[in-house]
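Please construct the entire structure, taking both the sequences and the accompanying hints into account.
The residues making up each chain are set out below.
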Amino acid sequence: MERRSFLRGCVVVGATGAACSTGLLASGAAIANGSDPFEATSLDAVLKALGADDAQTSNQIKITAPKVAENGASVPVAISSTIQGTTEIMTIVSTNPKPLAARNRFGKGAAPSVSSRLKMGKTTEVIAVVRAGDMHYTAKTEVKVTVGGCGG
Amino acid sequence: MEKSTIKIRVKEKDGEIQLRALIKHPMETGLRKDEITGENIPAHYIDNVVVEANGVTVFSADWSGSVSKNPFLLIKFDGSEGDKVKLAWKDNVGNSDFIEKTVGKK
Numbered sequence: 001m002e003r004r005s006f007l008r009g010c011v012v013v014g015a016t017g018a019a020c021s022t023g024l025l026a027s028g029a030a031i032a033n034g035s036d037p038f039e040a041t042s043l044d045a046v047l048k049a050l051g052a053d054d055a056q057t058s059n060q061i062k063i064t065a066p067k068v069a070e071n072g073a074s075v076p077v078a079i080s081s082t083i084q085g086t087t088e089i090m091t092i093v094s095t096n097p098k099p100l101a102a103r104n105r106f107g108k109g110a111a112p113s114v115s116s117r118l119k120m121g122k123t124t125e126v127i128a129v130v131r132a133g134d135m136h137y138t139a140k141t142e143v144k145v146t147v148g149g150c151g152g
Numbered sequence: 153m154e155k156s157t158i159k160i161r162v163k164e165k166d167g168e169i170q171l172r173a174l175i176k177h178p179m180e181t182g183l184r185k186d187e188i189t190g191e192n193i194p195a196h197y198i199d200n201v202v203v204e205a206n207g208v209t210v211f212s213a214d215w216s217g218s219v220s221k222n223p224f225l226l227i228k229f230d231g232s233e234g235d236k237v238k239l240a241w242k243d244n245v246g247n248s249d250f251i252e253k254t255v256g257k258k
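Those sequence lines, one after another, are chains W and V. Read in order, the letters of the first sequence are residues 1 to 152 in our numbering. Read in order, the letters of the second sequence are residues 153 to 258 in our numbering.
Please note: incorrect hints may appear among the correct ones.
Per the computed footprint, the stretches of chain W lying under chain V, defined by three or more beta-carbons under 8 Å from a beta-carbon of chain V, are [what the hints assert, rightly or not]:
| # | segment |
| --- | --- |
| 1 | 72 to 78 |
| 2 | 89 to 102 |
| 3 | 107 to 119 |
FYI, nobody ran anything at the bench for these hints, they're computed from the structure. From the three backbone atoms N, C-alpha and C, an ideal C-beta is built for every residue, glycine too.
Below, the structure written as structure tokens:
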């Protein structure tokens, strides 16, 4: 929680400097409406907290993930966007207890693509939400998980 | 010197830098229970990663416990050989680490 209040502080004060550059890159939308998308426990709540409940489906977002994952503890997921002006890519694992997995922000000169590995508790949709300007776009794919990744 | 928690490779090709990083971290969600004691394992995960090139932030990410243990990250951004790239992370209990590397040629 400390991080978020820190970010909020950055936005309010508008301070510059390396430590605050994260805050300056942030869209501020989720921070402004007061609910933390990372704490949301359903897909709808996440989208609402991100201000992305009106996101349009787009075929310009590419999600690369296995159709079947044997090990849900580490599923490689790559997301890229060819939408002009993409500044953020949010990664959502819809059936996880806290669906929002990552919020990636791209600065100047960065390619709007990111690859990482995610946990998936059970078979799920992986949803990408792309922010470009004031608009949100979305795409999804399904991953079948044979062994869940959330342990005990 | 203590061993860094971050392994990083930064290579330039045709004006684009590819950064691959592996971070050693348990990434506990806080939702798991200890199999023996039955007690909750407290949340312990990286919640912020920042990548800078020559002092300018090119990428930043907020993560949750849904990112896998020992997270992997691959991103690309404009740049050239010799650029100084820095990757830093922070976690939810206040730990942090960073690494700096000069971009090599692919």
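Evaluation of the provided hints:
no.	hint	in the structure
1	72 to 78	holds (count 5)
2	89 to 102	holds (count 8)
3	107 to 119	holds (count 12)
Of the hints listed earlier, there is not a single one the structure fails to meet.
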